[in-house]
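From first to last, the protein sequence lines stand for chains B and R. By the count of this note's numbering, the first sequence reaches residue 268 at its end, each step adding exactly one. By the count of this note's numbering, the second sequence reaches residue 359 at its end, each step adding exactly one.
In short, the hints are calculated from the structure, not lab data. Some hints here could point you the wrong way.
Stated by the list, open to error - Computed spacing ranges between beta-carbons, pair by pair:
1. R/I318 with B/L87: 50 to 56 Å
2. R/R235 with B/K68: 55 to 61 Å
3. R/R238 with B/R62: 43 to 49 Å
4. R/P323 with B/R2: 39 to 45 Å
5. R/I318 with B/K68: 34 to 40 Å
6. R/I191 with B/Q67: 50 to 56 Å
7. R/P323 with B/K71: 37 to 43 Å
8. B/I60 with R/L284: 29 to 35 Å
9. R/M217 with B/A8: 31 to 37 Å
10. B/I60 with R/T281: 39 to 45 Å
Claimed, not checked - Which residues of chain B face chain R? A few of them, derived with a C-beta cut under 10 Å, are:
11. F(-2)
12. V17
13. I18
14. I19
15. I20
16. S21
17. A24
Said to hold, decoys possible - Non-contacting residues of chain R with respect to chain B, defined by C-beta distances greater than 10 Å in every case (computed):
18. G259
19. T281
20. T290
21. S314
22. S341
23. S342
On a predicted model such as this, the values are computed, not experimentally measured, just so you know. Note that CB positions come from ideal geometry on N, CA and C, so glycine has one too.
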Amino acid sequence: MKWFAEHRLFTVVAGIIVALCLVIIISFAAAGGSGALGRGIQSGISWIQRPLSSFTRSVKENVGGIFRYKELQKENKALQAKVDALQEENKNLRIKKSELRELRSLSKSFDFKPFAGTSKAVAARVIEIDESNPYVVFTVDAGTKKHVKRNDIVVNGSGLVGRVQEAGKNYSKIVSILSSRNSISFRLERRSSVTGVLKGSGHGELSGYVMNENMSVLKGDRLITSGIGIYPEGIEIGTIRSIEYDEDTQLKVIKVKPTVNFGALQKVAIYYEY
Amino acid sequence: MSIRHVTIFYAAAFFLQLSVVNLISAGGMAPNLIFCVTIFIAFRFDRGWRCFPFAIAATLLLDLCAGAYLGVSSLALFLVMIFLIWVRYYMNTDLLKTLLATGAVCTVLYWIIYWLIQSILKNYYSLGYILRFQPCFIAYNLIIMAILWFFYSSTFRKWKLRGLPDEEEES
Chain B
-5 MKWFAEHRLF TVVAGIIVAL CLVIIISFAA AGGSGALGRG IQSGISWIQR PLSSFTRSVK
55 ENVGGIFRYK ELQKENKALQ AKVDALQEEN KNLRIKKSEL RELRSLSKSF DFKPFAGTSK
115 AVAARVIEID ESNPYVVFTV DAGTKKHVKR NDIVVNGSGL VGRVQEAGKN YSKIVSILSS
175 RNSISFRLER RSSVTGVLKG SGHGELSGYV MNENMSVLKG DRLITSGIGI YPEGIEIGTI
235 RSIEYDEDTQ LKVIKVKPTV NFGALQKVAI YYEY
Chain R
189 MSIRHVTIFY AAAFFLQLSV VNLISAGGMA PNLIFCVTIF IAFRFDRGWR CFPFAIAATL
249 LLDLCAGAYL GVSSLALFLV MIFLIWVRYY MNTDLLKTLL ATGAVCTVLY WIIYWLIQSI
309 LKNYYSLGYI LRFQPCFIAY NLIIMAILWF FYSSTFRKWK LRGLPDEEEE S
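Work out the full structure: start from the sequences and follow the hints.
Written as structure tokens, this is what we have:
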């Protein structure tokens, strides 16, 4: 002990070295773990360090950006081109998505019971619309080559669209149910005895009258083709939107909203007899 | 240099080491601010050895936050400081040149001791790998030491001009 007191400097230095070695050995034995106290100290330090680090990062990015101006410009240009390409692809995918939806809806029309056994269907795409009479008359890309002929019935997944007015080799002109030239005989879906006639009102909907004014019809009633005329029975036409009583004709005048969304019409099915 | 200033130096060096030093790092190599501050104080001032507790505490905290094992940097730095205290008696401590030369030698010595301790702890990497990067480490550390030198010199001159007592005498 006297020797240590006489050689104080050596004692202190050796003591510090031994203490540090012990710290290293303990840390090594704990596989680098620092214990609860160490973790507490670390979290305290990181609380102060965090804003400094984010400041450093933002300075590095901003200053680095100045020196990499040309490189960033080039990268920006390449990314812009990529974004444009992806946007175009996205647009096409969206179109494909809506086409898929249409096709799914159209596929229902291929199982229409009214046509079972007597007719076959061919799918057609709307290629032209008469601007003066939107969706009253329009053109599709199926014609006599696909066995389509005049007065063939046109439907889609939602219901009755119209009839073929004129068929060329690779096209057909369709006159829809919205046309005032197209009369449709209907009946109530819930009650087959209630019948009437509908035609286009010129405002994107149908209007007509019920044959027997004593028959009760209600707002919201669904109308289907009655089978009288060119349209086979059972094809959905629309729902009654309003009912009025006409004193002059003494008939119930109805206004009908078609089930087919003509504004979004892209694909149709044309039934031809075989 | 007073105890208050030493505390400020080491606190600044510690936090800057963990954050701002990344701004100036090149390929993962960066200056060791705690090392530079320690070498500067221990070399420049007669009673500079009194910064040793601060140096050990700072390096322990640094190991805690960023090192694999606690105490490795502290032991390496302490051994280098003992060498420095011995060597400075043979040097002119008023010249920047001698500080830079000593700083370069201490940097290499520090890394060799560090490598040795890591090898004992089974963290193997070759000495050649360490020595390959020494020119970069030396350059970085010497720049920091030079900055500290000029900063202290200009501050010290201002104190003298104002007629304030010598800080070293005070401490």
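Chain R contact restraint for B/A24 - C-beta distance below 10 Å: Check passed: Cβ of B/A24 comes within 9 Å of chain R, closer than 10 Å.
Least C-beta distance between R/T281 and chain B, which was stated to exceed 10 Å: Correct as stated: the minimum Cβ-Cβ distance to chain B is 20 Å, above 10 Å.
Range hint 43 to 49 Å (beta carbons of R/R238 and B/R62) holds or violated: holds (46 Å)
Status of the stated non-contact between R/G259 and chain B (beta carbon gap over 10 Å): violated (4 Å)
Closest C-beta approach of B/V17 to chain R relative to 10 Å, hint status: Constraint on B/V17 satisfied, holds at 4 Å.
C-beta pair R/I318, B/L87: status relative to the range 50 to 56 Å that was hinted: Taking Cβ atoms as reference, R/I318 and B/L87 lie about 55 Å apart, which means the hint holds.
Supplied distance hint 34 to 40 Å, evaluated on CB atoms of R/I318 and B/K68: holds (38 Å)
Restraint outcome when B/I19 is required to lie within 10 Å of chain R by C-beta distance: Holds: closest Cβ of chain R sits about 9 Å from B/I19, inside 10 Å.
R/S342 non-interfacial with respect to chain B [C-beta, more than 10 Å]: Holds: least Cβ distance 26 Å, greater than 10 Å.
Satisfaction of the B/S21 interface hint, Cβ to chain R closer than 10 Å: Nearest chain R Cβ about 4 Å off; hint holds.
Hint status (Cβ of B/I18 to nearest Cβ of chain R, threshold 10 Å): With a minimum Cβ separation of about 4 Å from chain R (threshold 10 Å), the hint on B/I18 holds.
Distance restraint evaluation - B/I60, R/L284, Cβ atoms, bounds 29 to 35 Å: holds (33 Å)
Taken one by one, the earlier hints fail for this structure at numbers 11, 18, listed in ascending order.
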